[in-house]
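Novice: For the sequence shown, the numbering used here assigns the number 1 to the initial residue and increments by one for each residue that follows.
No wet-lab data here; the hints were simulated from the structure.
It should be emphasised that the depicted structure is a prediction, and the values quoted were computed from it without experimental measurement.
The beta carbon of each residue, even a glycine, is placed where N, CA and C say it ideally should be.
A few of these clues could be false.
[Unchecked claim] List time: in silico EDC-like cross-link candidates among lysine to aspartate or glutamate, alpha-carbon distance up to 16 Å:
1) 17 to 27
2) 8 to 21
3) 17 to 28
4) 32 to 19
5) 32 to 21
[Claimed, not checked] Label pairs and their computed distance ranges (CB to CB):
6) 36 to 7: 17 to 25 Å
7) 36 to 5: 31 to 39 Å
8) 39 to 1: 15 to 23 Å
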Amino acid sequence: MTQELVDKARAYVAACKRELETAPNAEELSRKRLLELGYLDESAR
Numbered sequence: 001m002t003q004e005l006v007d008k009a010r011a012y013v014a015a016c017k018r019e020l021e022t023a024p025n026a027e028e029l030s031r032k033r034l035l036e037l038g039y040l041d042e043s044a045r
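The whole structure should be built from the sequences, with the hints applied where relevant.
Specialist: Structural data, given as structure tokens:
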């Protein structure tokens, strides 16, 4: 990875973390993100 890609990945992770910390329902937001990434299926609770 180039340094530019590393910086972009770090910025993305930081933005996701800030969003999660300020979300009114952090658990649901986390579940939605994991579904989008393919780590959970629709039946996961």
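Novice: A separate judgement is required for each hint: does it hold in the structure or not?
Specialist: Hint check results:
1. Pair hint residue 17 plus residue 27 holds up; C-alpha atoms about 13 Å apart against a cutoff of 16 Å.
2. Straight-line distance between C-alpha atoms of residue 8 and residue 21 comes to about 20 Å, which puts the hinted pair past the 16 Å bound.
3. As the CA atoms of residue 17 and residue 28 are separated by approximately 14 Å, the hinted pair is consistent with the 16 Å bound.
4. Distance check on the hinted pair: residue 32 and residue 19 sit about 13 Å apart at the alpha-carbon level, within 16 Å; holds.
5. In summary, the hint linking residue 32 to residue 21 is supported, as the alpha carbons are separated by about 15 Å, within the 16 Å threshold.
6. A hinted range of 17 to 25 Å for the beta carbons of residue 36 and residue 7 is consistent with their spacing of about 23 Å.
7. At about 20 Å, the CB distance of residue 36 to residue 5 disagrees with the hint of 31 to 39 Å.
8. Between residue 39 and residue 1 the beta carbon distance is about 22 Å. The supplied range of 15 to 23 Å therefore holds.
The structure shown violates the earlier hints numbered 2, 7.
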